[in-house]
Amino acid sequence: MKAPSIGLRRLAALVLAGALAAALACGRGGESTSSGAAAGGGVGPIAVGHFASLTGDTATFGQSTDAGIRLAVEEINAAGGVLGRPIEVISEDDRSVTEEARTAAQKLIQRDEVVALLGEVASSRSMAAAPEAQRAGVPMISPASTNPKVTEVGDYVFRTCFIDPFQGAVMARFAFEDLGARKVAILSDFKQDYSVGLADFFRKKFRELGGTIVADERYTSGDIEFRAQLTTIRAAEPDAVFVPGYYTEVGLIAKQARELGLDVPLLGGDGWDSTKTLEIGGKAVEGYYFSNHYAADSDSPKVQDFVRRFEAKVGSKPDAMAALGYDAAGILADAIRRAGTTDGPALRDAIAATRDYDGVTGRITIDRERNARKDAVVLKIEDGRFRFFRSVPAS
Amino acid sequence: MEQFLQQLLNGIAWGGIYALIALGYTMVYGVLRLINFAHGEVYMVGAMTGYYVAHALGLARQSSLAGLLVVLAAAMAVCALLGATIERVAYRPLRSAPRLAPLITAIGVSLLLQNAGQLVFGADPKFFPPLLQAREVLRVGALAVSNIQLTVVATALVLMAALQLVVMRTRFGRAMRAVSVDAPAAALMGVPVDRVITGTFVLGSALAAAAGILVGLSNPKIDPLMGLLPGLKAFVAAVLGGIGSIPGAMVGGLLLGIVETLVAGYLSSTYRDAIAFVILIAILLYRPTGLFGSEPAEKV
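If you read the protein sequences in the order shown, they are chains L and Y.
By the count of our numbering, the first sequence reaches residue 395 at its end, each step adding exactly one.
By the count of our numbering, the second sequence reaches residue 1300 at its end, each step adding exactly one.
Please keep in mind that the hints were generated in silico from the structure rather than gathered at the bench.
Incorrect hints may appear among the rest.
To be verified - Taking lysine-lysine pairs in the DSSO-like style, the calculated list, with each CA pair at most 30 Å apart, reads:
1. 283/L with 1126/Y
2. 191/L with 380/L
3. 204/L with 149/L
4. 204/L with 191/L
5. 283/L with 191/L
6. 302/L with 317/L
7. 1126/Y with 191/L
8. 1126/Y with 313/L
9. 1126/Y with 380/L
10. 317/L with 1126/Y
As the list claims (entries may be wrong) - Which stretches of chain Y does chain L cover? Using the computed rule of at least three CB atoms under 8 Å from a CB of chain L, they are:
11. 1117-1124
12. 1128-1141
13. 1199-1210
14. 1265-1279
C-beta: ideal position from N, C-alpha, C; glycine also.
Build out the structure end to end from the sequences listed, making use of the hints.
Given below as structure tokens:
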């Protein structure tokens, strides 16, 4: 009595498995024909993945790049898309957590089968996800990760921003030459590759120029109390303090520094570029400087045009992250167009061949290390706004 | 010397916040022999309540001492209610269960509040409105004392003094002490044990809410996970002072804040968080009852 019932169950299981396999095979077949048609000018959208910090400690970064990417894609699609197909952006939130970035990239590559990845802003998170892109042979373009190690992960990893050695040197030269500072203190975030890297290159360049680093203090992302380090820095009597961190901490650091009577300029990098710096820092960040990828108040018509369209769509001024997201998506679309296909290797080669791309963050050429070569700007915080102070050419 | 005094002041202000949270741990442990691991989350809810109340009442834009007091009172009231609810829902039904059960529900409540917090408040950090505009009130050489640090220290001291009065001078305080010594015996003497326990949670949670407001005032970044680390640190402070002892929690909190600040100021901030737990291990190894704790009397 028992044996047949088991047999039946087994048969049912077999039939079910067979049906499932058939369904899967059909799915695969259907897909391969559609992508075959794509190469010949099909109509299905081209899926592009964006993994970003849409929530969490650096949420404004992810939200800004996402808005920039979506504006670029909307414009590209309105102009007929690429290879006759529209681009579809699939965004995945990594909650500003390094470990989540890898999972997000994996999801986009495996579940959504994207042809390319855009992201992340934070270098640590780009470095967590880049091996996934490299292994899958899916090109990845980071809009704003400035740590040199990011593109060293592999030949499928690119970026559309300048790198930290350049940015660190820009600020060291700015401190030494423009501010006349000879003694500088550094307060860096030892949990972020970005901040550590920027501090290293700043330190090196500033010493080369003949200045001294009088204090070298650290904090950890997520910290809220910095008075201990700031008191030590104050005792060293620096002419300026280099704080290459992200905006959440920078605002608090500025506040606590002023409270302790540390009234020398704070200097930073592009991690300051968020309206949150102004919101948190308020009056405390007035008169401080940071290096950045672009200035929204630049008089270039191309920038002004972009600012107008962004404001019309999103309702706020685009920060550098939005502009970099916009350019990253633009470079990707341009590369797909030139490659004539969405195949990983061909697309990779096309991105690598990008020369003098006319973006809103400047003229972008991808060099042999897959980094973008372009100018930097120094912004000053004045009357609660970021103002263009000076531009520094790519050396 | 001035630098040392400055670090000391930074440490006292920071430690005052730990002390307020530690009091909640120690009081609940005193009456229930339970570590209320959801306590750090009560502190988070306190800060969040302050944020929303300040915005709702339009206190966020202008800064005034009266506004601060209103926000403080509102947050303390909300958290008192939350503390009583947690006790009623998660701990009272397990009063007679083995010790491990309420400990696990405590962790459960903590996780529930963290995640519910992310759902309700959003995962983004928020910035506590400047209820007081930072201003230097005293300057001796390089020693700068701001009104914010002064307010933090003063509020913490006033609240601790008030608690000491409640515990030592009121009927409720006497009942609390009685329950903490021997709950069944206190019940036989007519002490309403359940009500005393609820009252203990109310007091502890209100103090945690005050700590949340003080953090918002001096370190204005708040988010749903902000209770995790200070909660653990305050627990360490309570153990350091001798868990169950109210003066112990105050001293433990202040001491931990000062040590952390000195470590960050003179060694490296990388050791800041580690040092708290090194202290915990050392205390448990060499003086398990803490600085103010006494050997429990042998019960026969």
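Consistency of the hints with the structure:
1. 283/L with 1126/Y: Roughly 18 Å between the alpha carbons, so the hint for residue 283/L and residue 1126/Y holds.
2. 191/L with 380/L: holds, 26 Å
3. 204/L with 149/L: holds, 18 Å
4. 204/L with 191/L: The given pair, whose Cα atoms are some 20 Å apart, holds under the 30 Å limit.
5. 283/L with 191/L: holds, 28 Å
6. 302/L with 317/L: Judged against 30 Å, a Cα distance of about 15 Å means the pair holds.
7. 1126/Y with 191/L: Distance of about 21 Å is within 30 Å: holds.
8. 1126/Y with 313/L: Holds - the C-alpha atoms of residue 313/L and residue 1126/Y are around 25 Å apart, at most 30 Å.
9. 1126/Y with 380/L: holds, 25 Å
10. 317/L with 1126/Y: holds, 21 Å
11. 1117-1124: holds (count 3)
12. 1128-1141: Holds, because 4 residues of the region 1128-1141 of chain Y bring their Cβ atoms closer than 8 Å to Cβ atoms of chain L.
13. 1199-1210: With 0 residues closer than 8 Å to chain L, the region 1199-1210 of chain Y misses the three-residue bar; violated.
14. 1265-1279: Check passed, 7 qualifying residues.
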